[in-house]
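> Be aware that the sequence shown starts at 1, since it is given in the numbering used here, and climbs by one per residue.
One or more of the hints may lead you astray.
[Claimed, not checked] Restricting the straight-line Cα-Cα distance to at most 30 Å, the calculated cross-link-like pairs of lysine-lysine (DSSO-like) are:
1) Lys441 to Lys61
2) Lys43 to Lys20
3) Lys61 to Lys90
4) Lys417 to Lys8
5) Lys57 to Lys45
6) Lys441 to Lys182
[What the hints assert, rightly or not] Cβ-Cβ distance ranges computed for the label pairs, FRET-style:
7) Gly92 to Arg322: 39 to 47 Å
8) Glu481 to Gly199: 26 to 34 Å
9) Ala145 to Leu48: 32 to 40 Å
10) Asp511 to Leu478: 24 to 32 Å
11) Thr459 to Gly92: 25 to 33 Å
12) Gly345 to Glu483: 41 to 49 Å
13) Glu353 to Lys544: 23 to 31 Å
14) Arg53 to Gly134: 22 to 30 Å
Everything labelled a hint here was simulated from the structure, so no lab data went into it. Ideal Cβ positions, reconstructed from N, Cα and C, are used throughout, including at glycine.
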Amino acid sequence: MTIKVPVKSDIEIAQEAAKKPIKDIANGLDIVEEELELYGHYKAKLSLDIFNRLQDKEDGKVIFVTSINPTPAGEGKSTVTVGLGQALNKLGKNAVVALREPSLGPTMGIKGGATGGGYSQVIPMEEINLHFTGDIHAITTANNALAAFIDNHMQQGNELQIDTRKIMWKRVVDLNDRALRKIVIGLGGPVQGVPREDGFDITVASEIMAILCLANDLQDLKTRLAKIVVAYNTSNEPVTVHDLGVEGALTLLLKDAIKPNLVQTLEHTPAIIHGGPFANIAHGCNSVIATKMASKLGDYVVTEGGFGADLGGEKFLNIKARSANIKPEAVVIVATIRALKMHGGVAKDALKEENVEALENGLQNLQKHVETIQAFSLPFVIAVNRFVADSDNEIACLMNWCETNGYPVSLTEVWEKGGNGGLDLAEKVLHIIETSENNFKPLYDVEASIEEKLTTIATTVYGATKVTFTPQAKKQLLQFEGEGWSNLPICVAKTQYSLSDDATKLGRPEDFEITVRELRPKIGAGFIVALTGDVLTMPGLPKKPAALQMDVDADGNAVGLF
């Protein structure tokens, strides 16, 4: 008789792990005591003074992890990122993992956290997934302080002649709350403020989050905050934070949040976690400061971008790498058999059944993301993140497809085996770094027009035939050119589920157009956002949110957190 051993949940695995004091992790990176600010025993912030001390040290090699288009079946990109970092250290390499901070919106909603899974997690998992060191709360406060300053300015005489109909700055909260998407404020008479329509975004969609993640230091943060366009005046001229005179106050609120956070993996690999912009509505990468600090402290940095190569991948390579002068040495493209089967037409409730034909159909999604990375002239390895239900025939089909096409591939088992399950992947990544040609270059010149840059992204990365603009977006194109904003990179807000702007079109859709409905200037962040499809900047909760399973026991331990 076969006895089934219960599979432990991620949080059970994390809570049973033997953690090292964060001081020991820091000592392993040669961080001096004055550069470490403790947040309890297992978390710390790192001083930006590290950059000054290590300015002459050669930067470590950056390995970027991306994936196919995500499905509800899951891809495990963060899990592979953590597992690869652990595997590199098992091979004797000095590797540091650099991840984004989880948002409470998806944590309490449906997507889950962002700390990896199984035996490839960062810990303390429950603290990282909840309030962590307060960075996202600081961003929320700074964002909402700016909203209060705008409304107070209008209440106190409106010297800048802000047009109440053209205020773009929204309030934020780090939760999924659809009821706050559109609201009316200032009701109740003259002493309650100026009545107007307003709304909330989720905190990770705030431009301040994007700015924190792209700033190089505290002064750059302040300079970028000053450039934020919050509204237009009655003459249709932009009004900025500098016009309001509050960039200093906002910087003050963020002076600790700009410092990256040091934690560890289950195998005590150092992990720097900092910043968490969504990739479907922002640029989806952890902070420049975190990635650069990891490259000063380690010989190899394993970092990730949100969602697939069409979103976080494209934005890491076209926006973050360009802005921070980062040259990735290799890319890992994560794929799962069950997600590929969904792209091949299988319903979620039938994914455990073997279906080689559907897998073969779904491989076109993986093929498109391979072509995208090739367009950036970067070497890559496909990481097949193995799940228990994957059949031998399905695994053979996928591995044979990769080998037939000449694509480096590794069957990865980091969820179950930790670093040991990623040794083959680590060896293949190291091999392609040493032997492959790397001519990395962003896909477009920033001096090209907004329309040209969008067309390049849509045709090369998504596979669209062309880009169309709504009448509103066409007017904004002319306006942005007049303001001198057309030479900025483009950040496309698009569904993560499809290469197109229609979430229902899985696989590799053909003969489709991308429709840009609106353009938004994010001058502080340093890019233009192009809104497509029906993507929302404030998500809603599902019918049965993950929060329904969450609790705390009598000893204060988190329960049901994945």
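> With reference to the structure, classify each hint as holding or not holding.
Status of each hint after checking the structure:
About 16 Å separates the Cα atoms of Lys441 and Lys61, which keeps this hinted pair within 30 Å; it holds. Under the criterion of a C-alpha separation no larger than 30 Å, the hint pairing Lys43 with Lys20 is consistent with the structure, at around 10 Å. Only pairs whose Cα atoms come within 30 Å are accepted, and Lys61 paired with Lys90 is accepted, the gap being roughly 17 Å. In summary, the hint linking Lys417 to Lys8 is supported, as the alpha carbons are separated by about 13 Å, within the 30 Å threshold.
Distance check on the hinted pair: Lys57 and Lys45 sit about 21 Å apart at the alpha-carbon level, within 30 Å; holds. With a C-alpha separation of about 41 Å, the suggested pair Lys441 and Lys182 falls outside the 30 Å cut-off, and the hint is violated. For Gly92 and Arg322, the Cβ-Cβ distance of about 33 Å falls outside the hinted range of 39 to 47 Å, so the restraint is violated. For the hinted restraint 26 to 34 Å between Glu481 and Gly199, the CB-CB distance of approximately 27 Å keeps it satisfied.
Checked against the hint of 32 to 40 Å, the pair Ala145 and Leu48 fails, with Cβ atoms roughly 23 Å apart. One distance hint, 24 to 32 Å for the beta-carbon pair Asp511 and Leu478, holds here, with the actual separation near 29 Å. In this structure the hint that Thr459 and Gly92 lie 25 to 33 Å apart at CB is violated, the actual value being about 43 Å. Separation of Gly345 from Glu483 is about 46 Å and conforms to the stated range, judged on CB atoms against 41 to 49 Å.
Taking the beta carbon of each, Glu353 and Lys544 are about 24 Å apart, inside 23 to 31 Å as hinted. A hinted range of 22 to 30 Å holds for the C-beta pair Arg53 and Gly134, which are about 26 Å apart.
Hints 6, 7, 9 and 11 from the earlier list are contradicted by this structure; the remaining hints agree with it.
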